[in-house]
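Colleague: With the hints as extra help, turn the sequences into a complete structure.
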Amino acid sequence: MTATTPAWLAEVPSRRFLETGLETRFALQPGDRTLVEPGATLVAGEPLVERLRDRRVDEVSIPAAGAAGAIAGSRWSHGRPAGRRRAAHPVEGELLAPLPGSKDKWRLVTGDHRDLVLAPVGGEVIDIRPGAEIVLRTAGRALAGAFAAGSAARGPLHLATDPFGDLAPGGIDVGRAGCILVVGARIDAEALTRARAMGVRGIVVASLPGKELRDFQASERRQRAALHPTPPFGVLVLEGAIRRRIPSPVMALFERLVGREVSLLVDPPSIVFDATDLELPTIPADWIHLRSGPNAGLEGRVVGVSGLRRFAANVMLEAARVAIDGEPPIDVPLADLERLV
Amino acid sequence: MSSEPRAFAAVDRGTATVAASLVGRVAGHWRLLGATAAPASVDADALLERLRGRLAAADPSLAAELGLGSPQGLGGLPRVACETVAPPEIAVLAATTRVLAPLAAAATSAGWRVHRIVLDGAEILPVAAALANPRISALLAGAGDPPGGDERPLLAELSALVGAATERRPDLVAILAGGLAEPGGRYETAIRPNRPGATLLGPSPDVSGGAPLRAMLDTLRGGEADGRRGLAAATGTLAEVLGRRVEVVEVGQSAGARVQASPAPGGSTVTAAVVADGALLPRGFGDPHLDAVVGWLTIPLDRLRVRDRLRELAVSPWGDAAGDGALLRLAAARSAVARLNEATSWMDDGPAPDVAVAAGGAWSVAPGPAVALALADVVRRPGVRALGVDHARLLAPLGTIEDSDERRRVIADLRDELLVPLGTVVMPAGVRGGKSVGRISVRGSSGSTELDLVPGGLELVDLPPGERAVVEIRFKDPVTLGPKARHFAVEVTGGLGGLLVDLRDIPLRLPERLERRRDLLTAWQAALWAGLDA
Numbered sequence: 001m002t003a004t005t006p007a008w009l010a011e012v013p014s015r016r017f018l019e020t021g022l023e024t025r026f027a028l029q030p031g032d033r034t035l036v037e038p039g040a041t042l043v044a045g046e047p048l049v050e051r052l053r054d055r056r057v058d059e060v061s062i063p064a065a066g067a068a069g070a071i072a073g074s075r076w077s078h079g080r081p082a083g084r085r086r087a088a089h090p091v092e093g094e095l096l097a098p099l100p101g102s103k104d105k106w107r108l109v110t111g112d113h114r115d116l117v118l119a120p121v122g123g124e125v126i127d128i129r130p131g132a133e134i135v136l137r138t139a140g141r142a143l144a145g146a147f148a149a150g151s152a153a154r155g156p157l158h159l160a161t162d163p164f165g166d167l168a169p170g171g172i173d174v175g176r177a178g179c180i181l182v183v184g185a186r187i188d189a190e191a192l193t194r195a196r197a198m199g200v201r202g203i204v205v206a207s208l209p210g211k212e213l214r215d216f217q218a219s220e221r222r223q224r225a226a227l228h229p230t231p232p233f234g235v236l237v238l239e240g241a242i243r244r245r246i247p248s249p250v251m252a253l254f255e256r257l258v259g260r261e262v263s264l265l266v267d268p269p270s271i272v273f274d275a276t277d278l279e280l281p282t283i284p285a286d287w288i289h290l291r292s293g294p295n296a297g298l299e300g301r302v303v304g305v306s307g308l309r310r311f312a313a314n315v316m317l318e319a320a321r322v323a324i325d326g327e328p329p330i331d332v333p334l335a336d337l338e339r340l341v
Numbered sequence: 001m002s003s004e005p006r007a008f009a010a011v012d013r014g015t016a017t018v019a020a021s022l023v024g025r026v027a028g029h030w031r032l033l034g035a036t037a038a039p040a041s042v043d044a045d046a047l048l049e050r051l052r053g054r055l056a057a058a059d060p061s062l063a064a065e066l067g068l069g070s071p072q073g074l075g076g077l078p079r080v081a082c083e084t085v086a087p088p089e090i091a092v093l094a095a096t097t098r099v100l101a102p103l104a105a106a107a108t109s110a111g112w113r114v115h116r117i118v119l120d121g122a123e124i125l126p127v128a129a130a131l132a133n134p135r136i137s138a139l140l141a142g143a144g145d146p147p148g149g150d151e152r153p154l155l156a157e158l159s160a161l162v163g164a165a166t167e168r169r170p171d172l173v174a175i176l177a178g179g180l181a182e183p184g185g186r187y188e189t190a191i192r193p194n195r196p197g198a199t200l201l202g203p204s205p206d207v208s209g210g211a212p213l214r215a216m217l218d219t220l221r222g223g224e225a226d227g228r229r230g231l232a233a234a235t236g237t238l239a240e241v242l243g244r245r246v247e248v249v250e251v252g253q254s255a256g257a258r259v260q261a262s263p264a265p266g267g268s269t270v271t272a273a274v275v276a277d278g279a280l281l282p283r284g285f286g287d288p289h290l291d292a293v294v295g296w297l298t299i300p301l302d303r304l305r306v307r308d309r310l311r312e313l314a315v316s317p318w319g320d321a322a323g324d325g326a327l328l329r330l331a332a333a334r335s336a337v338a339r340l341n342e343a344t345s346w347m348d349d350g351p352a353p354d355v356a357v358a359a360g361g362a363w364s365v366a367p368g369p370a371v372a373l374a375l376a377d378v379v380r381r382p383g384v385r386a387l388g389v390d391h392a393r394l395l396a397p398l399g400t401i402e403d404s405d406e407r408r409r410v411i412a413d414l415r416d417e418l419l420v421p422l423g424t425v426v427m428p429a430g431v432r433g434g435k436s437v438g439r440i441s442v443r444g445s446s447g448s449t450e451l452d453l454v455p456g457g458l459e460l461v462d463l464p465p466g467e468r469a470v471v472e473i474r475f476k477d478p479v480t481l482g483p484k485a486r487h488f489a490v491e492v493t494g495g496l497g498g499l500l501v502d503l504r505d506i507p508l509r510l511p512e513r514l515e516r517r518r519d520l521l522t523a524w525q526a527a528l529w530a531g532l533d534a
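Chains B and S, in that order, are what the protein sequence lines are.
All residue numbers for the first sequence refer to our numbering, where the first residue is 1 and numbers rise by one.
All residue numbers for the second sequence refer to our numbering, where the first residue is 1 and numbers rise by one.
Honestly, the hints are just simulated from the structure, not real lab data.
One or more hints might be untrue.
[Said to hold, decoys possible] Below, simulated EDC-like cross-link-like pairs (lysine to aspartate or glutamate); rule was C-alpha separation at most 16 Å, straight line:
id, chain 1, residue 1, chain 2, residue 2
1, B, Lys-211, B, Asp-188
2, B, Lys-103, S, Asp-287
3, B, Lys-105, B, Glu-59
4, B, Lys-105, S, Glu-157
5, B, Lys-211, S, Asp-287
6, S, Lys-484, S, Glu-467
7, S, Lys-435, S, Asp-452
8, B, Lys-105, B, Asp-58
9, B, Lys-211, S, Asp-302
10, B, Lys-105, B, Glu-92
11, B, Lys-103, B, Glu-59
12, B, Lys-211, B, Glu-190
Modeller: Quick look at the structure:
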């Protein structure tokens with residue numbers, strides 16, 4: 001707290017505007033081959049993992065000398081399938097589990113078709129759990145969202161609408177291919193699937209209703225079920241499910257990031273950018289936006305805390321005096337407010 | 001807390017909100033000086049300063065006497081604090097569904113989020129993928145003791161998979177239960193020694209109804225200042241202090257808890273369960289969960305809208321607490337308690353409580369009488385019981401006071417302030433149909449009231465907090481109200497909701513048609529939620 005920041009501001013809920021050193025996770029399935037090592041520094045666009053597309057389990061014999069060192073989750077190659085069916089080429093895959101009752105026979109996850117996945121973000125590999133996940137500490141700054149769907153992606157950021165706008169399906173064309181698009185207040189599933197079809201890499205939106213989210217996720221499942229590899233496409237929802245604008249400091253940040261490469265991450269939902277030369281927007285200490293409640297999305301300045309006040313449905317809540325759009329201050333539940341710090 | 005300070009702070013930090021209280025010594029007794037709560041992003045120190053400032057403004061001399069006259073007074077203030085975190089995740093592995101069910105039930109009620117894996121008929125790849133889930137921190141594998149004929153052919157496979165899972169994740173805590181828990185046996189030796197994660201041998205879930213296994217799993221969860229463990233300890237002390245059976249139903253953002261405590265010679269007996277699916281909005285919230293919430297809603301919102309509002313509630317659980325948001329929250333809390341009760345149905349075997357307490361952030365913003373009705377709606381066991389709410393969320397932090405004598409002294413002093421009295425509910429079972437099934441007379445200091453008992457109805461008698469009354473009930477046919485009889489006379493205490501004579505069905509049966517159901521719920525709610533339309 002500085003001399004110009006009143007102590008009571010500490011009572012107003014706050015969220016970090018930008019974070020550094022965000023840890024992101026990339027899910028693995030048994031059989032996927034990681035192409036990085038723990039401790040390695042990774043640049044966005046470098047190979048990260050080889051995903052198995054047609055996963056199957058083979059049985060392999062491990063010579064007695066090697067069986068003692070065989071560990072579930074480790075890679076294994078140069079063996080031959082056990083039994084009468086012999087493969088025409090060496091088998092390579094991930095050891096899954098030994099066959100019950102056998103000392104030298106293991107089950108191996110393998111496949112014939114692999115898709116190369118490139119790192120959507122740069123950073124340091126801090127942990128690899130075979131068949132489970134890769135954990136990466138990202139380089140650059142991160143802006144957190146509320147939730148995300150699809151997969152992590154990377155591309156130059158562009159604005160498709162103003163912070164209050166909707167993006168209709170017809171508003172997306174192939175000229176946007178490869179971009180991460182900021183689309184304002186809301187988008188529907190049809191526009192999302194069209195964006196994906198047009199080669200857009202990601203969508204950033206303030207709100208996404210549950211129905212649109214479920215329709216999009218169903219479409220994603222159908223895409224993934226196809227045998228051919230699909231390019232990455234992610235949706236980052238900044239605020240929630242009910243329509244509201246993108247907060248103005250966040251929009252100001254996006255305006256400064258236009259044309260720069262950003263990474264859209266799904267776990268945790270966030271946008272990561274590495275722009276050390278970027279001048280970040282300044283946020284007044286008393287700036288707030290209404291995070292929830294009937295007026296969610298409005299912005300204003302908090303004037304003071306006013307103690308317990310009675311609100312709709314006879315509910316008593318801690319309140320703050322808030323001036324919205326230059327109007328005289330009104331009492332708003334403190335828990336509905338959010339500062340970005 | 002050992003040198004008898006003049007005041008102390010209590011802080012309950014949950015996953016959604018943080019609650020803070022100031023407790024001070026006034027005239028030789030501990031008294032609650034103030035309590036408040038805020039979203040979890042707010043620092044507890046800011047809340048304590050809010051309380052200190054109010055105390056100093058309301059009673060400067062008391063604040064000065066307690067050393068709280070200035071903000072510096074908070075610096076050296078002793079604290080009792082607890083924290084609740086999201087439930088950890090466990091994979092429960094067994095050969096057959098028959099064996100898995102009691103293992104999973106024990107883990108579920110010990111506060112773990114459970115991933116069930118059955119080997120019988122399963123393909124190896126999804127089983128291995130489920131065991132590799134990075135979110136799980138423990139693996140519970142079990143077999144019958146001795147193993148049944150249906151599982152014996154699969155035990156070698158089960159052992160191989162447990163060994164592989166612990167090789168893949170050396171940090172995984174492995175618990176072998178029942179027939180697998182042979183010290184130095186082949187199942188234990190299948191797990192590599194000298195790995196970071198522990199390998200534990202646990203009792204069979206069939207022993208004492210699963211209580212020993214549940215207790216073992218409970219110790220593997222949460223830290224020393226775990227809020228739900230504190231809640232259980234404080235409930236035991238409260239039962240001891242009140243000399244009555246107490247049941248606490250806690251609904252939080254990450255999990256729910258149910259604690260039963262009875263006074264016993266030299267202390268109390270406590271049974272507790274923590275259930276991840278008892279959260280206000282459990283992870284994996286799906287259509288059945290949504291239907292359950294919609295079934296309790298008294299506002300006409302379509303399913304899509306309710307789903308979106310609940311998603312908002314999951315993103316910012318502290319927000320939108322007034323107006324429709326309060327109704328939505330109470331509907332979600334009711335369905336959470338229903339899930340909690342279902343997951344802990346084994347706790348219904350004992351006698352019904354004398355005092356039922358609502359705890360947790362889900363109840364904190366609703367008016368007291370509305371919480372009383374919600375408790376009566378979902379805690380449906382025949383009997384007469386007082387209702388209260390842990391309004392300051394003090395129970396859990398007080399439960400972290402390690403010295404049981406000191407904890408008893410503090411709770412005894414605070415007994416009248418810990419809980420906001422919501423009233424008393426009279427809930428008979430076995431009421432037959434008809435226009436009237438009997439009469440009730442309530443004699444209190446402010447007069448007496450007589451009412452006809454109409455089956456299926458909810459009668460309210462005004463009985464303010466602090467007032468006692470004698471209730472005499474005469475039924476035409478015998479009913480169960482603890483014992484089975486026609487004539488009962490009990491002393492009851494008042495509260496914000498007064499006396500509720502609840503002649504509705506046990507369990508509660510509501511109309512299938514949503515509109516009729518909503519009308520009925522609205523009528524009951526209107527009587528207890530003053531100013532709802534304001």
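Colleague: Evaluate each hint against the coordinates.
Modeller: Each hint tested on the structure:
{"no.": "1", "hint": "B/Lys-211 <-> B/Asp-188", "result": "9 Å, holds"}
{"no.": "2", "hint": "B/Lys-103 <-> S/Asp-287", "result": "47 Å, violated"}
{"no.": "3", "hint": "B/Lys-105 <-> B/Glu-59", "result": "7 Å, holds"}
{"no.": "4", "hint": "B/Lys-105 <-> S/Glu-157", "result": "13 Å, holds"}
{"no.": "5", "hint": "B/Lys-211 <-> S/Asp-287", "result": "12 Å, holds"}
{"no.": "6", "hint": "S/Lys-484 <-> S/Glu-467", "result": "27 Å, violated"}
{"no.": "7", "hint": "S/Lys-435 <-> S/Asp-452", "result": "9 Å, holds"}
{"no.": "8", "hint": "B/Lys-105 <-> B/Asp-58", "result": "10 Å, holds"}
{"no.": "9", "hint": "B/Lys-211 <-> S/Asp-302", "result": "12 Å, holds"}
{"no.": "10", "hint": "B/Lys-105 <-> B/Glu-92", "result": "15 Å, holds"}
{"no.": "11", "hint": "B/Lys-103 <-> B/Glu-59", "result": "13 Å, holds"}
{"no.": "12", "hint": "B/Lys-211 <-> B/Glu-190", "result": "11 Å, holds"}
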